[in-house]
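Trainee: Going line by line, the protein sequences match chains X and P.
Just so we're aligned: 81 in our numbering is position 81 of the first sequence, and the numbers increase by one with no gaps anywhere.
Just so we're aligned: 59 in our numbering is position 59 of the second sequence, and the numbers increase by one with no gaps anywhere.
Misleading hints may appear alongside valid ones.
[Unchecked claim] Listed below are several chain X residues computed to face chain P (Cβ distance under 7 Å; list not exhaustive):
1. Pro39
2. Leu43
3. Gly51
4. Ala52
5. Ala82
6. Thr86
7. Phe90
8. Phe106
Just so you know, the hints here were simulated from the structure itself, not pulled from any lab data.
Glycine is no exception: its CB is placed at the ideal position from the N, C-alpha and C atoms.
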Amino acid sequence: NAGVTQTPKFQVLKTGQSMTLQCAQDMNHEYMSWYRQDPGMGLRLIHYSVGAGITDQGEVPNGYNVSRSTTEDFPLRLLSAAPSQTSVYFCASSYVRRRDNSPLHFGNGTRLTVT
Amino acid sequence: TQLLEQSPQFLSIQEGENLTVYCNSSSVFSSLQWYRQEPGEGPVLLVTVVTGGEVKKLKRLTFQFGDARKDSSLHITAAQPGDTGLYLCAGATGANSKLTFGKGITLSVRP
């Protein structure tokens with residue numbers, strides 16, 4: 001079972017460069033999200049989507065764009081990388097049900113360094 | 001923003017000891033989840049609690065949801081080195097599975 005797949009696992013960028021972090025899930029989950037994890041800050045929600053064609057901002061959306069053209073994929077784009085975006089990025093997905101206790105399934109993360 | 005405070009932030013104990021860690025908020029959550037994260041990996045769900053006062057056991061781990069659904073505790077009996085990791089609590093509100101995470105508790109169990 002593949003689950004949630006993130007690519008690449010590691011990336012180094014120079015300030016001002018752009019890149020896309022890929023996320024794919026094969027569980028037919030409606031809900032997908034991106035978090036960043038920084039020391040002492042926990043997991044912070046960047047953007048999320050409750051279905052294809054629908055995206056919304058989380059807690060820290062500035063500097064990031066997302067799109068959801070298919071149920072399976074939810075790429076995260078950095079338009080102009082900044083050192084403050086150095087972090088570990090996690091993609092997570094879940095079912096959307098009437099009761100809001102659906103567990104999140106996480107990928108193994110992308111470790112991004114911006115110099 | 002609904003804040004989840006986890007305590008203690010760091011904990012280092014000897015194998016065989018018992019421990020309790022906490023997840024507290026001033027907000028009411030409809031459900032609360034605990035995840036464990038190991039280095040280089042994403043968090044993995046341990047348990048979901050949804051009813052005030054609910055107690056769930058997962059082998060040596062006991063999870064409790066507060067009566068008012070604002071706080072939760074995790075008790076580990078006879079800790080083992082395999083319990084080492086980052087423990088995250090996350091509270092859910094609304095129907096879109098949007099979760100608010102605490103900053104986590106780093107647990108180290110020494111052999």
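Trainee: With a cut-off of 7 Å on the beta carbons, see whether Ala52(X) makes it to chain P.
Mentor: violated (15 Å)
Trainee: Taking the least C-beta to C-beta distance, is Phe106(X) closer than 7 Å to chain P?
Mentor: holds (3 Å)
Trainee: Measuring from the C-beta of Thr86(X) to each C-beta in chain P, is the shortest one below 7 Å?
Mentor: At about 17 Å, which exceeds the 7 Å cut-off, the nearest Cβ of chain P leaves the hint on Thr86(X) violated.
Trainee: Quick one, is the Phe90(X) hint okay against chain P at 7 Å, beta carbons?
Mentor: holds (5 Å)
Trainee: Hold the hint about Pro39(X) up to the distance rule: shortest CB distance to chain P must be less than 7 Å.
Mentor: Cβ of Pro39(X) sits 10 Å from chain P, so the hint is violated.
Trainee: Once the shortest beta carbon distance from Ala82(X) to chain P is found, is it less than 7 Å?
Mentor: violated (23 Å)
Trainee: Against chain P, run the beta carbon of Leu43(X) and see if the smallest gap drops under 7 Å.
Mentor: Holds: closest Cβ of chain P sits about 4 Å from Leu43(X), inside 7 Å.
Trainee: Holds or violated: Gly51(X) as interface residue toward chain P, Cβ cutoff 7 Å?
Mentor: violated (10 Å)
Checked against the numbered hints given earlier, the structure breaks hints 1, 3, 4, 5 and 6 and satisfies all the rest.
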